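Visitor: As they're listed, the protein sequences go chains A and B. Take the first sequence: its letter number 35 is residue 35 in the UniProt record's numbering, and every next letter is one higher. Take the second sequence: its letter number 100 is residue 100 in the UniProt record's numbering, and every next letter is one higher.
Rather than coming from a laboratory, the hints here were simulated on the basis of the structure. Bear in mind that the values here come from a model prediction, so they are computed numbers and not experimental data. Heads up, the beta-carbon is just placed ideally off N, CA and C, and yes, glycines get one too. Watch out, some of these pointers could steer you wrong.
[Stated by the list, open to error] Only some residues are given here: those of chain B computed to face chain A with a beta carbon under 8 Å:
| # | residue |
| --- | --- |
| 1 | A437 |
| 2 | H438 |
| 3 | A442 |
| 4 | D448 |
| 5 | A476 |
| 6 | K554 |
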Amino acid sequence: MDTELVELLLIEDNHHEAELTMRNLKKSKLANNMLHIDDGKEALDFMFNEGQYSYNKGKVFNPKLILLDLKLPKMSGIDILRKIKKDPRTQNIPVVILTSSNEVPDIDACYNEGANSYIVKPVNFSDFSKIIGDLGMYWILTNKHPNQPNVQM
Amino acid sequence: MTKGKEEIGVDTALRSFLKTLSIYLIYFVITLGLIVLIGWGFDVEFIKRPISGLVAMNPLTAFCFVLYGAALFWQERKMLTRTLSLLLILISSLHIVFYLTNFHFQVDEVLFNKSLLIEGEGKISNRMALNTAFCFMLSGFIVVGKSFKLNSFYYQILAVMLFYFANFSLIGYAYGVKEFYDLLSYFPMAVHTAIGFAAASLAILFNTCNIGIMRDVTTSLSGGKIARIIMPLSVGLTFFAGLLAEMLQLKYRTSEELGIALAAMLIIVSNTMFIWLAIIKINKKDRAHRIAESKVRWTDSLLRSSIDSLRDISIISVDKNLRCISYNKSFAKSIKGIYNKEVDIGRPLSEIISLPEHYEDLREKMSSVLAGEVITEEKYLKSEDMWFELRYRAIYDHNKDIVGVTLLSSNATYRKVKEAQLESANKELEAFSYTVAHDLRAPLRIIDGYLSMLKEDLHDLDNESQRLMNIISNNAIKMGVLIDELLNFAKLGRRDIQLKDIDTCPLVEEVLSEQISVAENKNIDVKLGNLENMKGDPGLMKQVFSNLISNSLKYSKNKIEIIIEINSFRSDEEITFCVKDNGVGFDMEYSGKLFGVFQRLHKESEFEGTGVGLATVERIIKKHGGKIWAESEIDKGTTFYFTIPTETKNVKQRWTLN
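Chain A on its own, in the form it takes in the complex (with noise of 0.2 Å):
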């Protein structure tokens, strides 16, 4: 896919809670532009044009939003939270961290790396229906996006 025409990036290893989230968005006719990997390392590649999506040299990722879930194999949510926010090419893109945890220490991690955002998936289907609705709105919709940064990939 082409990094420049990705509005939103939904990293979850989980392909049924994806499909879950994808399908909220659809619903609130987000999710034409929407990507999903459900692997870490795959998801700073394809942000950073490198390995497999290395063909993609010289556009520019610069989404709206990235959707990130904590508990991924191999390289955690909190890795790649770190990398996005430490890059000068992507430190301004808005990630908020969906997961299924409520521990103190995770919100705290995740604040401060510098996530925008943190919720908590409810087990209930019409909440969490509700949750994935407004916050794509939000920040899809409503929330001034940064300018898109004038760097080369």
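Using the hints provided, position chain B relative to the given structure of chain A.
Guide: What follows is chain B alone, placed relative to chain A:
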């Protein structure tokens, strides 16, 4: 007595009395000398010679008394007192030399030459007697000795000798010794001279009553007490015995031998009686002392054997100079094992703990303890691969002053290993609950999510299918709630509570507004009583009220009007809170199950719930050091009571490691 140590058995009152008395005796000696000098000046016979026919006090003698008194009076001015006493020695020794060489220059003639010449015409010599001169020489030496701070024993002995000389003359006069009247005309001293010397000698002895041979006489110990009774009695009775013999001879013309025999007899009787008296008194004290001593020995050996029996605690006590004053076998054994050193009473700690870095650390800790600190620490000894718990405690004397340090060392290896195991178990548990939180919820969300997706996609579901799907969905959601509550409950066990001052009333009002907004029955009457403020963990206490109030609302939902009363009472030790409702209540027979996890007293179909809420409340209250109970009557309502201690000391603080 070494300096700094307290003298035992001091009779302070007696000593200060004797010191005062010695000053009056000095005044007396000076006054005596001056009066006699005046007597010579104005030629007053009575003053010169109180007993007619006997010797008069020589003016030089009087002068010497003044000299002696002045020397004693100005003891503090060393130069003056030494000059005066040396002058006294000079005069008296010159007098003796002239006397013995029959050289006819008499010092006293310089003073009152005319009067003396007149007197000299009589039978009795009025020159200063030889023994008087000798006594003045003694006096001079006494004052010099005292002034030069010689061993008090020497000048006190001289003072006692002086006292004996004076007494000899006094006794002689009392018994009418005829030699005093004629034969040894150069020997006797005048009666007031003898009194003067007696006073002079006592002045010295009383003045130095706290040192030398006088020290024991003035103590409150039995020896001192006995001496103070027996000495004057013995002197008096012996004197009386002689007097009696004399009187018998004079008045009843008995033979001289009978008088002597009687006197000797009286002296024997009195002395044996006194000695018996002394023996009885001393033995009585000694017996008591020995009993006390054996008691002390017994206590000592008891203590000894009990500290030696402590195999797993090593004990050593040191004094302020870090010298060993006591230790137990276990300590000696460990020292032998670790440093290959012998422990002994009196040995400095630096020789026992031979590793300099160990000693330095110990010395530092001990000086802090000597300064009043209490230290408990844990140390790892690499060479032994062991953990030790070291407790440093101060030793106090009867004045509550710190005089040393006791170090108790025990093997803490087992506990440390267990603690480490506990810690890793806790870590594992934490990781476990984290996994539970994250991974158990995801499948539930997927069940509910996919079910909802199915419901959305299938538009014309019949009622039964919808009912079945709802049951699946509800149970998935319920299990999510259960997981949350259980995790919360488990976390409570590990969490340390943060005690803060809590304003109870706003807290309860906040909980009420939250709870009432979600309550099914909106006809709710809340009665808030006087809510006492408390010390507790605000977050946890909010949860307590929240759980209890939601509980009350839940079990009262079928009532037309819900009445909830919240109140509190304060006593000295605790605050009791109560939350009362008019709900369905429960059977008190099952009250034991009320606070158990997953224990429920009502059917799920009647009142939904997980059975974790009250267990959580109980755990929070217990963490605060309080207790919780309930009283209920079926269909009348339930009242929950819980207490929170007013003092934080009741809350068990976790023992933290250094």
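Visitor: Are the hints correct? Go through all of them and say.
Guide: Tested hints:
The beta carbon of B:A437 comes within 6 Å of a beta carbon in chain A, closer than 8 Å, and the hint placing it at the interface holds. Hint on B:H438 holds. Least Cβ distance to chain A is approximately 5 Å, under the 8 Å limit. Because the beta carbon of B:A442 sits about 6 Å from the nearest beta carbon in chain A, less than 8 Å, this interface hint is met. A distance limit of 8 Å between C-beta atoms decides the matter here; for B:D448 the minimum to chain A is near 4 Å, and the interface restraint holds.
Interface hint at B:A476: satisfied, since its Cβ lies 7 Å from the closest Cβ of chain A, which is below the 8 Å cut-off. Here the hint on B:K554 is broken, as its CB sits about 20 Å from the closest CB of chain A, past 8 Å.
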